[in-house]
Amino acid sequence: MNRRLEPPMPDGRLRVLHVEDDPVDRELVAATLRGDGLIVDIDWTDTRDGMLRALERHTYDVILADDRLPAFDGHAAQVLAAERTPIVPFIFVSGTLGEEIAIERLKAGAVDYVLKQRLGRLPEAVRRATREARVRAEHARAAAEVLRLNAELEQRVVERTAQLADREEALRASEQRLQSILDHSPALIYVKDLDGRYQFVNRCFVATLGRDAADVLGRTDLELFPVRLASMYRENDAAAIRAMTAVHSEEPSLIGPTVRVYASAKFPLLDRAGIPYAVCGISTDITDRKQAEDQLKTARLEAERANRAKSEFLSRMSHDLRTPLNAILGFAQLLAADALTTDQQECVQQIQAGGRHLLDLINEVLDLTRIEAGYLSLSPEPVHVGDIAAHAAALVAPLGRDRGIAIVVEPSPLFQQSVRADRQRLNQVLLNLLSNAVKYNRDGGQVILSVDQHGSRLRLVVTDTGFGIAEEKQTLLFRPFERLGAESTGVEGTGLGLTLVRGLAEAMGGSVGFRSEVDRGSTFWIELAIAATPVATPVTDAEVSTLRAGTEQTGTILYIEDNVSNVRLMQRVLALRPNLTLVHAPTGHRGLSMARERRPDVILLDLHLPDVGGEEVLRLLWNDPALRVIPVAVLSADATPAHMRRVLASGARAYLTKPLDIPRVLDTLDRLLAARQSRDLSVESET
Amino acid sequence: VNGDVKQTTWRHDLKNHLGIVLGFSELLLARLDPDNPIRVDVQEIHLAAQRALHLVRTIASDDSQ
Chain E
1 MNRRLEPPMP DGRLRVLHVE DDPVDRELVA ATLRGDGLIV DIDWTDTRDG
51 MLRALERHTY DVILADDRLP AFDGHAAQVL AAERTPIVPF IFVSGTLGEE
101 IAIERLKAGA VDYVLKQRLG RLPEAVRRAT REARVRAEHA RAAAEVLRLN
151 AELEQRVVER TAQLADREEA LRASEQRLQS ILDHSPALIY VKDLDGRYQF
201 VNRCFVATLG RDAADVLGRT DLELFPVRLA SMYRENDAAA IRAMTAVHSE
251 EPSLIGPTVR VYASAKFPLL DRAGIPYAVC GISTDITDRK QAEDQLKTAR
301 LEAERANRAK SEFLSRMSHD LRTPLNAILG FAQLLAADAL TTDQQECVQQ
351 IQAGGRHLLD LINEVLDLTR IEAGYLSLSP EPVHVGDIAA HAAALVAPLG
401 RDRGIAIVVE PSPLFQQSVR ADRQRLNQVL LNLLSNAVKY NRDGGQVILS
451 VDQHGSRLRL VVTDTGFGIA EEKQTLLFRP FERLGAESTG VEGTGLGLTL
501 VRGLAEAMGG SVGFRSEVDR GSTFWIELAI AATPVATPVT DAEVSTLRAG
551 TEQTGTILYI EDNVSNVRLM QRVLALRPNL TLVHAPTGHR GLSMARERRP
601 DVILLDLHLP DVGGEEVLRL LWNDPALRVI PVAVLSADAT PAHMRRVLAS
651 GARAYLTKPL DIPRVLDTLD RLLAARQSRD LSVESET
Chain C
1 VNGDVKQTTW RHDLKNHLGI VLGFSELLLA RLDPDNPIRV DVQEIHLAAQ
51 RALHLVRTIA SDDSQ
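For the protein sequence lines, the chains are E and C, in the order given. Once you know that position 355 of the first sequence is 355 in our numbering, the rest is easy, because the numbers rise by one and skip nothing. Once you know that position 56 of the second sequence is 56 in our numbering, the rest is easy, because the numbers rise by one and skip nothing.
If you are wondering where the hints come from, they were derived from the structure by calculation, not from laboratory data. Treat the hints with caution; some may be incorrect.
[Unchecked claim] SDA-like, lysine to any residue: derived pairs with alpha carbons at most 20 Å apart: (1) C:LYS15 with E:GLN352; (2) C:LYS15 with E:ASN363; (3) C:LYS15 with E:PHE313; (4) C:LYS15 with E:ASP360; (5) E:LYS297 with E:ILE286; (6) E:LYS116 with E:VAL24; (7) C:LYS15 with E:GLN350; (8) E:LYS290 with E:GLU302; (9) C:LYS15 with E:SER315; (10) E:LYS290 with E:ARG260; (11) E:LYS473 with E:ARG459; (12) E:LYS439 with E:ALA470; (13) C:LYS15 with E:ARG356; (14) C:LYS15 with E:ARG483; (15) E:LYS107 with E:THR85.
Bear in mind that the values here come from a model prediction, so they are computed numbers and not experimental data.
With the rest of the complex left out, here is chain C (with noise of 0.2 Å):
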């Protein structure tokens, strides 16, 4: 899969999604008592989805490539 525009869509199509797990994961904190103990499970959740965001970003201004 090459080409910019492929890159350009694909990026998208991960940041959406990854936008749908932060969603879902941040409801789903909001909906969980402070001391439930699967908060924690669903931190690690969001953590990870915004790691994963991170990395699209970096990609995304990472233009030369």
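One chain only, chain E, in its complex shape (with noise of 0.2 Å):
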């Protein structure tokens, strides 16, 4: 019952509440405690309700009771200020009070008594009462505050001790993520000090080495791994802590006896004042991922191989294929030469285009393996748009003339200009373009080579009349060997002409493009590079006539070949020539050796030999004073200018083609014959 209900009294002022019935004793009481000295207020009750709403109200300083009350007692009011107010000091103040009652009063908590007969003892026992009153409400209340700051310092010990948990609870939470996370990280986390001696390793590390942290910890690379490997390990470390960043490196390891491969990066660990302590290490193991990688590039290297070996292939068959086409196409000339029934002819005729197809068909796949294989050899220069139009123009021209197809070159300014082009192989790109625009073209119709620029690039434009292509086959139109249906229509084709036109224009830096319309025919078109300097339109050769009656000229052809059908065609040949005489080697060096022994007037050269090279002969023979001045005709399949030109280079006077054109033989021979007194050294090829 600590209540305040007010404040305290000022200075001095006492309140007084005096239970008391008799007014006389009231006042008496009153004026005995103020006749003393003593400032007091004083409320007066007799009754139980007045005494509780008196304590209600106030703080009292003392109590003063009657002990005889007719509706109260003084016990029941003691009993009640026990209660109520324990610290205000209670005083009897009665008439009648024996010494036991008086005795037992006190021993319940009454500080005095004071009988009314001896009034003037009261304001002394009642300044004492009030005085002893403060001095224990003054140790009261430094009890309660130490009780107080007791409490309080033992709150601060309980809230810091559980500060100290939480952070250390926090600390464990945290050192145990961590560790949780080293421990299921599937690289190996390592950490060594600056002698390199591991300082801890996780579990991933512990399991792959097989042996127990215990085991690891405090040792050395050197004691643990291969000396190699250690050293190596022990050098990445120091480049790490040299770096004072990370440092990445492939690291093998020998775990048992298999090899596996890390991926490691490496990083040193820092003191506060940032001077490296240890290197710490994550290494993730590769070995899987190099595998793979290792097989892809074996794959890779296979496939390329595989090809290579498909392209060879087809290139050596394709030469294989040349000799037996030779002879063919060879004999198929002399024949058509000779006088027959049209019944014969026709089957001649028909002999003659079976065999161009085949050499059409390993031409253009030898031609689209060199462009896939990257070793198509160009010889690129300014090439007169007019000239080769008109030149293609005038080839293709027969082949519609029976079906009443016409070849109309568009005049345009435009076809005085130049583009950059090899001479040979955009030759070829038209006759293609324009033998299709007349071999899918319907009878009578009209062929169109136009020429259109656009910016720096001309543009060689084919257009048809024909059938045109349906959209739908329009994307396969470039494919090799793709002939969209054409293959049943009797139109002869090999499925590759547009695959290769596009492969040479685009290995000419060109392009090619089409449009095409079902019913309204077909537009194709090479687009090159304007050449910066036209030049002047080179002579072309002279054309060889047929096979006209041989010239009186006498002399001996050594032929070095040895495909006996090639000997055979060319005794053929010779026949139209009586007057010379063949002789014939089989292999290189049989050639020198009759070439020393017969002095022939012309030699004959065949470049694929089975025993040296022709090339090796025909150097051999421009080493030998004595026989180079025997001129030299050089036969090869191989016909491209770069090859040409190192032939001729290297001391032949001709060149001809295999499958041989028999007119161009027989010219050829005849020429070198007639040079042969002049000692003419100068050089003549067919192109």
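Grab the two chains, each in its own frame, and use the hints to assemble them into the complex.
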């Protein structure tokens, strides 16, 4: 009951509750107190309710009570006061209180008793009681303060302890989390001190090594791994410390008998001053990835090898097929020159057509393999557009003649320009496009060859009035061997033409394009860069005559050739020059010795010989001053311009391509024989 | 020109046209008198076409390539 209902009385004033029914006694007590100099405010009551109200209203410095009241008594008042205000001193003021009761009352908590008869004692009793009460209150306050402080201190200790526990728990959780991360990492994680001793290793490290952590910690790489590996690891550790940052490296490791490869990141651990005190490494096993990479690399190399093998194979097959094809075309040419019945002529024409088609197939495959392998040799030069267009149109014109298809070169000043191209290859492209335009045209149709300019490029455009190509087939147009159903129409073709056209155009830095409309016709074009300087049109070769009657020249021709069929063909060809003698050598060595023995007037040299290469034979002939004067005509199926130039530069006087064009062979022989006496060393070729 | 399909097509085309050459040379031989001197030339063509066909068949059986 520590309620404070009002501020304490001002200094020196005492608030007194006097429980008394007698007005005289009330006055007497008040007068006694005041008379002794006490400044008092006194409330009176003589009932229990009145006392309760008073106690609720005020805090008293002292309670005085008569022992005997009509409606109440001192003892009940004392009990009530002890209940409500235990620290307020309680003094009995009574006229009748006996000794025994007085002692009882004092035992129950009253501080004093004053007989009404001896009321003069009262002021002193009140003073003492209030003084003692103040001292008691003071003590109580001090004790309470001590208790409060104690409690506060205890509370702080509790809080501090809890805080520490929290912090410790957080630290433990953090460590546990880190440990968990480290332990569940699929990478090896480790810390080594600057001497290279393991200070920490994670679970993966231990599991991978197959040792206990205790067996690893404190040891160095040298104690755990082969010397060569250990020193590599140490070097990488040192590199990280030198670099003061993470250093990445690939580290092989020997785990039991197997070699594993790790991608390691190593970085220095720094103290507060920024000085490294250890190196930490994280090593991920990348063996599988490396193996997959290796396998991929091997597979790629294998695929490349297979592709190369296929190209080489096709190329070799094409070469091999040329020999019998030469015979077919050569003998067919001879037959065509003979007097035959119409029936027989038709057979020969079919044979020639078949042979030419076979030749196209072989040449085109060879060209395609060269383009794909990237070793198509080109001789880019400014090519006069008008000349090459006219030349190609003239060559294709006979194809359309029977079917009434006209080839029209649309006049344009642009035809005076030149494009940068390989002359022979551009010619091949135009022949392909023009012959397609004829082949897939309708009878009586038209083929128009025109030229457009597109920026710094010229477009040679071939337009036909054919059946066009359905849209769904257009994507297949440039695929090799794709004939879009033409194979069942009787129109001849290899299905390689457009593939080759595109390959050649691109190899010359150009492009091809087309548009087509069903029933209206198609337009194909090749676009090439305009050449800066148009050059004068080269003089075309003199037209070679047909198999004309032989000149009367005599002489010996040495033919160095291993293929019997070709030799027989040449024998048949030379039958047209009865004054010439053909001698034959099947190998290069035999050819050289026969050249020395027989001193032939002309040597025909095949480049594919069983013992030595034809070019080597050519070199040996040239190196012998006695033989150097004999003109050599080289026969080769490998008719690239670069090859031709090389052979001619090595001393050959003529270059004849296989399959042999018989009139050209005869013409070449005639010219070489005629030039014999003049010792004319000028070079000629059939290009 | 890589790929087996292409090779197969190519072989097929070669065989076709060699067939034409063979056929017409045989036809021609049948139409020529036995003592006609140009028979030798036709026989050369026929022989060469057979050799070529043999080569093409070698390719055909050599599928390991």
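Going down the list of hints, with the structure as the test:
For a cut-off of 20 Å, the pair hint linking LYS15 of chain C to GLN352 of chain E stands: about 15 Å separates their Cα positions. At most 20 Å may separate the alpha-carbon atoms for a hinted pair to count; LYS15 of chain C and ASN363 of chain E meet this at roughly 16 Å. A threshold of 20 Å between alpha carbons decides the hint, and for LYS15 of chain C with PHE313 of chain E the separation of about 17 Å falls inside it, so the pair holds. A C-alpha spacing of about 14 Å is found between LYS15 of chain C and ASP360 of chain E, which places the hinted pair at or below 20 Å, so the restraint holds.
As the CA atoms of LYS297 of chain E and ILE286 of chain E are separated by approximately 16 Å, the hinted pair is consistent with the 20 Å bound. Annotation: proposed proximity of LYS116 of chain E to VAL24 of chain E holds, straight-line Cα distance about 11 Å (limit 20 Å). Pair hint LYS15 of chain C plus GLN350 of chain E holds up; C-alpha atoms about 15 Å apart against a cutoff of 20 Å. Of the supplied pair hints, the one linking LYS290 of chain E and GLU302 of chain E holds, its CA atoms being roughly 18 Å apart against a limit of 20 Å.
Proximity of LYS15 of chain C to SER315 of chain E is assessed by CA-CA distance (about 17 Å); at most 20 Å being required, the pair is judged to hold. A distance of roughly 10 Å separates the Cα atoms of LYS290 of chain E and ARG260 of chain E; the hinted pair therefore holds under the 20 Å criterion. Under the criterion of a C-alpha separation no larger than 20 Å, the hint pairing LYS473 of chain E with ARG459 of chain E is inconsistent with the structure, at around 24 Å. Between the alpha carbons of LYS439 of chain E and ALA470 of chain E the distance comes to roughly 17 Å, so the proposed pair stays at or under 20 Å and holds.
Using a Cα cut-off of 20 Å, the hinted pair LYS15 of chain C and ARG356 of chain E holds, with the two alpha carbons roughly 14 Å apart. Annotation: proposed proximity of LYS15 of chain C to ARG483 of chain E holds, straight-line Cα distance about 17 Å (limit 20 Å). The straight-line distance between the Cα atoms of LYS107 of chain E and THR85 of chain E is roughly 17 Å, inside the 20 Å bound, and the hint therefore holds.
Hint compliance for this structure: hint 11 is the single one not met.
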